[in-house]
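Chains A and B are the protein sequences, given in the same order. Residue numbering for the first sequence follows the working numbering, beginning at 1 and increasing consecutively. Residue numbering for the second sequence follows the working numbering, beginning at 1 and increasing consecutively.
Please note that the accuracy of each hint is not assured.
Said to hold, decoys possible - Cβ pair distances, simulated, as ranges:
hint	chain 1	residue 1	chain 2	residue 2	range
1	B	Pro329	A	Phe92	34 to 44 Å
2	A	Asn300	B	Ser324	35 to 45 Å
3	B	Glu299	A	Gln295	20 to 30 Å
4	B	Ser274	A	Glu174	31 to 41 Å
It is worth saying that the hints were derived from the structure and are not from the lab. Every value quoted in this text rests on a predicted model; they were computed, and no experiment measured them. Virtual Cβ for every residue (Gly too), placed ideally from N, Cα, C.
Letter by letter, the chains look like this.
Number of protein chains: 2
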Amino acid sequence: MKNNFTVLNFVNDELVFINQAKLPLIEEYITTDNVDRIAEAIERLEIRGAPAIGVAAAYALALSLKNNVDEKIFNSSYERLKTTRPTAVNLFWALNEIKSTYDKYKDDKNVYEKLIKRAVEIHNEDIRKCDAMAENGLIIFKKHSRVLTHCNAGALATSGNGTALNVIKKGFDEGLVDFVYVDETRPLFQGSRLTAFELDKAGIPFSIITDSTAAFLMQQKKIDLAVVGADRIASNGDSANKIGTYSVAVNCFYHNIPFYIAAPTTTIDKNCKSGEEIKIELRGKQEITHFKSEQITNENYDVYSPAFDVTPAKLITSIITDLSVYYPPYNF
Amino acid sequence: MKNNFTVLNFVNDELVFINQAKLPLIEEYITTDNVDRIAEAIERLEIRGAPAIGVAAAYALALSLKNNVDEKIFNSSYERLKTTRPTAVNLFWALNEIKSTYDKYKDDKNVYEKLIKRAVEIHNEDIRKCDAMAENGLIIFKKHSRVLTHCNAGALATSGNGTALNVIKKGFDEGLVDFVYVDETRPLFQGSRLTAFELDKAGIPFSIITDSTAAFLMQQKKIDLAVVGADRIASNGDSANKIGTYSVAVNCFYHNIPFYIAAPTTTIDKNCKSGEEIKIELRGKQEITHFKSEQITNENYDVYSPAFDVTPAKLITSIITDLSVYYPPYNF
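This is chain A alone, in the form it adopts within the complex (with noise of 0.2 Å):
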C-alpha cells in the first residue's frame, strides 16, 4: 500500500515534506527549495529518522546551485546542513555523496542537474530498501495476525515506506494482518502520535496502549507476534532500539510470542561485537516531569531516563532486512 501522506518528495525543484513536529494534531506540509530552512527542519525535528534525514540533506545541498552555481554558497551550505544533527551517520554519509558528486562535476554546466539526480538515487535507493524488506517480511505473518509495535520504525523514520511497520502494512496488504496494538512510548510518545498516524492513514485497524499494557495482551492471548525496528545491530545480533523494547522482547519470551527486528542492512554495526559495546544515551528529566506546558510532577525529583535499551541476541526471532531474512546465530 502507498501511503496516502508524503513524508518527503522532491516536486518543481522544492523539497515538499510533513512537519513531523505538529502530528498527528496538524498535518502541514512545507515546500521550500531554501537550505537554511530544512536545515532548522532537521533540527527541529520536523524531518526525522536517520534515513530521511539523510535524503532531505541531499536535497539541500544540491538545492544550494539551483539559482547560483557558486562554490562559496555550496561549502558553506555543506558546513551547515552538516551541524544539524552532530550523531546522525546517514547525514554525513549522504552529504558526503553530494559533494563527490560536486568535486567531479563542477565544471559541467549541468552540475545542478548532476547533484539532484544523485539525491534522487540516495532518496529511490531509501525506498527500494523499504519495500524489499517489507517483501522479506512477510513470512512472519500468518493468517489474522495481532501485531505487537512499539515506538516508531515507519514511513515516518524513512523516505520510503518505513522498516518495521512497512513489514506490518504489507502483511495488511497481502491480507495477513488483522490488528495491530501500538505502545504509545513513554516518553515521547512516537507511537501513540506517529505510528498510530500511520495506520490511520492505511486504514489498518489499531489499539494505542501505554507501554505496560503489552503484556497483560500477551497473557490475554491477544498478541500474535512482536515487530520493532532498530538503531542499531551488533555483529552478533544484539539490538538496540528504543527503550522499552527490551521488555517487549522479554515478555514475548515468557508468553512464547515470537519477537522479531526490521532494520535496514545499513544498521548493522559489523565492527560492534555485542550489545554491551553499545553506549545508552541519557535523555533529561524535562521530558519525564513536563509534558508541553504542563507539569507532571516535580521537576527537583531525580529522573534516569535512558533513551535505548539493548535486546540481546537471544531474544531475537529472527532480523528482516531489505537483503535476507536472519536467524540465530547471527553472524554478521
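With chain A's structure known, arrange chain B on it following the hints.
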C-alpha cells in the same frame, strides 16, 4: 519513620487532609467539619485510596452531628457519603460501622462523642495494620537493597503509613534499603506524582523511571527486589493491581528477582477463587490522548486502557499482610 506530612487527621473536631489532586506540585491542606466538603473531596480524588476513603467518610458521618443531633441530617449525610465512590468496599463498611454506633447510642446525650470515638478506632486500626505490615515485611530485605515499586501503595492510599511503600520506608529506617526506582505508572502517573512525593518527604533516595525502563534496570542488575500493593487478592493468591504490575512480575521472573505483594488482610477476597474471576475496569481514552490541557495525540484514535491487571500467584514470591507473610501455594 513518621511521615512529615499528614494524609488525614482529626484535630479539634475538624478533619484535616492533604489535597492529593494537587500533589506534588502544590501541598495544600484542607481543614473542615463540613460533610459536603468531605464528600466532594472523595469525589474529586482529593482523598483517594480505599482505606483513606473509608476513614474520611467515617469522620464525615460522625461530624454530621457535631452542631446538632438530628436524625434527618444524619440520614441524609449517610446517603450523600454513600454515593461518592460507588465501588469502594471500605467506604460502605466504614459508613455502616458509624451507622450501627448511631443506632446503638442515638438516645445517649454523648452520641456525637461515641461516633467520633468509633471513627478514631477505625482510623487507628488502619494505622496499626499498616505498621504491622511494615514490620512483617522487613524480612524481604538484605543490606543495600535496591527496590522497584509501581504505582502508589503509600500513606496517600491509606490513613496510616501505607502498604508496599510502608514496607520500603521501614526497610530504609532499618538501614536495609539503599535506593528506590519508581515506575511513573501510566496513564495517571501515581508513581511519579505520589510515590515520589512520599519518598522525597521521607528522605529516601529514588529515581523516577518510565514503566518500560524497569526491565532494562533488571538486565543491568540494578534492582534486587520489587514490592507493590494490591487492589484485590484471590484465595489462590492471584493478585489484581495497577496495570503494569504483571509486566513487572514477568520481568522479575525472567531476571530471577523476587517479586512481593504487600496488602492488608482486608484485601484478600476469600470468595474469589482465582484471578479469572476478577473483572478488569476499562478507563476512558482521554487519559491516553491528553495530559491536562495538552493534547498528546488524535482523540479519534482507538485506545485500550485497562486500569488493572492480574499477576498469577506463581509469579509472587510472597504476600505480606498485617497478620503474616504468606508463601506459595497460597490458600486463603
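Would you list, in rising numerical order, the hints stated earlier that this structure does not obey? Structure breaks hint 1 only.
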